[in-house]
Amino acid sequence: MKEKIDRLRKMVNVLQVVEKHPDLYFITLEGNQLVMALGYLKNTLNFKHLAFMQAVDYLEDNKFMLTYMVYNYELKANLGVNVFIDREESSMFSIHRLWEHAWQYQRELYEMFGIDFPGSPRVDEPFIMESWEEMPPMRRDFDTLAYSQKTYFPRPGRETNDPKEQMKKAKYPNYPDSPKIRRDDE
Amino acid sequence: MKEKDIKIIEKEMKLANEGLPEMERDLFADDRPSRIEPLNKYLEQFLNWARARSLWILAYGTGCGAIELRPLMTARFDAFRYGIAGRPTPRQANVFIIGGYASLKTIKRIVRSYEQMQGPKYVIALGSCTINGGMYYDSYNTINRIDYYIPVDIYVTGCMPRPESLIAGFNGLKKKIQAGQCDGMNKYADNFDWYKANQKQIIKDWNMPDYNW
Amino acid sequence: MDIFIKIIYAAISILVATLYGLILIGIVHKIYARVHRRIGPPVWQPILDIIQTHGRKVATSHGIMFFLGPVFRMAGGMGTYLFMPVIFGSVVFSNYSMAGDLLLVMYFIFFGQLGMALGAGEGGHPYSPLGIARGLSQMSTFELPFSLAVISIAIQYQTLNITTIVAAQQGGMLNWTLFTNPLAVIAAMISLLGMNMHSPFSLVLAPQEIPIGPPIEMNGSFLGILQTNRALFASAKLVLFMNLFFGGATNLPIMMLKTFSIYMFSVFIGAAFPRFRPEQSFRFFLRIPTLIGILSVIVIAYL
Chain A
1 MKEKIDRLRK MVNVLQVVEK HPDLYFITLE GNQLVMALGY LKNTLNFKHL AFMQAVDYLE
61 DNKFMLTYMV YNYELKANLG VNVFIDREES SMFSIHRLWE HAWQYQRELY EMFGIDFPGS
121 PRVDEPFIME SWEEMPPMRR DFDTLAYSQK TYFPRPGRET NDPKEQMKKA KYPNYPDSPK
181 IRRDDE
Chain B
1 MKEKDIKIIE KEMKLANEGL PEMERDLFAD DRPSRIEPLN KYLEQFLNWA RARSLWILAY
61 GTGCGAIELR PLMTARFDAF RYGIAGRPTP RQANVFIIGG YASLKTIKRI VRSYEQMQGP
121 KYVIALGSCT INGGMYYDSY NTINRIDYYI PVDIYVTGCM PRPESLIAGF NGLKKKIQAG
181 QCDGMNKYAD NFDWYKANQK QIIKDWNMPD YNW
Chain C
1 MDIFIKIIYA AISILVATLY GLILIGIVHK IYARVHRRIG PPVWQPILDI IQTHGRKVAT
61 SHGIMFFLGP VFRMAGGMGT YLFMPVIFGS VVFSNYSMAG DLLLVMYFIF FGQLGMALGA
121 GEGGHPYSPL GIARGLSQMS TFELPFSLAV ISIAIQYQTL NITTIVAAQQ GGMLNWTLFT
181 NPLAVIAAMI SLLGMNMHSP FSLVLAPQEI PIGPPIEMNG SFLGILQTNR ALFASAKLVL
241 FMNLFFGGAT NLPIMMLKTF SIYMFSVFIG AAFPRFRPEQ SFRFFLRIPT LIGILSVIVI
301 AYL
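From first to last, the protein sequence lines are chains A, B and C. For the first sequence, this note's numbering begins at 1 and goes up steadily by one. For the second sequence, this note's numbering begins at 1 and goes up steadily by one. For the third sequence, this note's numbering begins at 1 and goes up steadily by one.
Next up, chain A with everything else stripped away, as it sits in the complex (with noise of 0.2 Å):
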């Protein structure tokens, strides 16, 4: 794994290296190496499968995280490829050239993040949720809740109980506090 990743290194410019698990690797590159990079992958250090590809509101940060979780068949190892694009004009390469269902996964964050995929096949016909005007949901600025009670008609006297507070006071009165778990870096 190490030495494929080094392999990367003379096409590309890797800005980090994570090890999670001998077999599950993360880095991150830059945006405009990121379709080279994957087709590196793809086509010479054999990672032919494509998992899943996801994004992250780094809200804070003002910037997406897009995870492409890339498999090798050979190495049983993954590799996750991040890269960084601004949240405000958020537009990526399409991949679908690469891995034909990339479709599916470019229509479904263009519709949950915004995130534009320009050239993938029928990026923005609606993927679940039809008739769509606000904007895009998981977006975190977006607020779930109070969009909810404005549109679906809560119903009032909704209480919310700690499963535990409640089970104490309804049924199990003697039951002790749980031991304080030490954490390692205490």
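No lab work stands behind these hints, which were simulated from the structure alone.
Once the Cα atoms are required to be at most 20 Å apart in a straight line, the calculated SDA-like pairs of lysine to any residue come out as: (1) Lys-76(A) x Tyr-25(A); (2) Lys-30(C) x Arg-81(B); (3) Lys-105(B) x Glu-108(A); (4) Lys-175(B) x Leu-48(C); (5) Lys-204(B) x Ala-146(A); (6) Lys-196(B) x Pro-154(A); (7) Lys-14(B) x Ser-61(C); (8) Lys-176(B) x Ala-50(B); (9) Lys-48(A) x Met-36(A); (10) Lys-63(A) x Pro-118(A); (11) Lys-30(C) x Ala-272(C); (12) Lys-150(A) x Ser-103(B); (13) Lys-150(A) x Gln-201(B); (14) Lys-204(B) x Glu-111(A); (15) Lys-150(A) x Ile-131(B).
Let chain A serve as the given structure and place chains B and C on it in line with the hints.
Chains B and C only, in chain A's frame:
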């Protein structure tokens, strides 16, 4: 004009079918739903007795609760012994089970299927999500109360309710039918404008007839 | 005056046959349930279903042909039933057997399905023509061995009149067609499996699992008529088979016993075997049962 007269005129108005393209409007009906008046008292009692013993579920799983309908039919729970059977088409079914959460995309299909069922028709709302949103109460995509969009006859609480609770719900429905209290279809016909307004408030790309029989 | 009494008798006969068919379907539900180790619905469940469907409001309209579809189907069932003697020698249950013969009955078996096809096509649902195509194809294929068996017994008895055929089989079990012409009976019994549409050949009519084909748009009273017809048609087919192959019946209990046993033949096979896909069942009927039918004609004609 009296308020009663206004109501009657509203009832007689045809539906606009504005969601459909101009050329297709003729193909769909523009009548409003009408009430079913009960027949002769004893005949109605007899029919209710038979209706309570022959419940045909619409085989349309809307959400995770639909998984509870499968064991209902197998050897362990055997709902067929109560006369509960599945039907593949809304034309023939008379019980609609809303299986849990209904998302924006599903509620459109639920409304269409419900309107296509021929009355008397009954709705069982299964799971907490149909009552107050359940664990999805703050979701952007899940409606909180199903009874704002279609009339509900009986609720089964739980997340998820087991098939036993569903059978208990069916027994409750049977008692209501036999007592002649299940008039969801008449409720829908009477408050048609209110239901339609609620439906159109969340289904913004309304591209179907206003009422499909 | 005579004709009115005849009509009353025919009405009684149809009523008895329909009720008997409904109870028979209920018993079959119960047997299937017991095979699955379930309790199963009550025996009178089909009657409750029919009352329920007739109690529904019908708000759909697809034109006059759509309304006529179930009526044609019912006419097919009644026609099948009315032109054969149910109980040999009985006045009430002899129906109009003097007026028609075996060919007319076979025509009526097909007639209902064709009328239904015309009506259901009007419904406009894409699954209806699909179901019609499957149903009619399967019907044509199982009609082939049955027709060969009928030709065989027509050669054997030198007549197409059902009453004469029944009369020829009286006087002991060994006079039944079952023993005098066994090949024809085998071919016809295999085609009965397809006619009753139980499990190996039930894909054209699986009302609870898949969109059910022709009656998909039928609701309320239409469905009620279709279900009534299914009961009447089931007993009519069984009576036809009893008359042709199992010596007919001289009183009501014997008739019920014989038709029940004939029905159980297809029910037990249905409970034990999984389904064929439509094209598999077409091929099945066109191979061995057809060969047996041809063989029975050759054997009875030249040996």
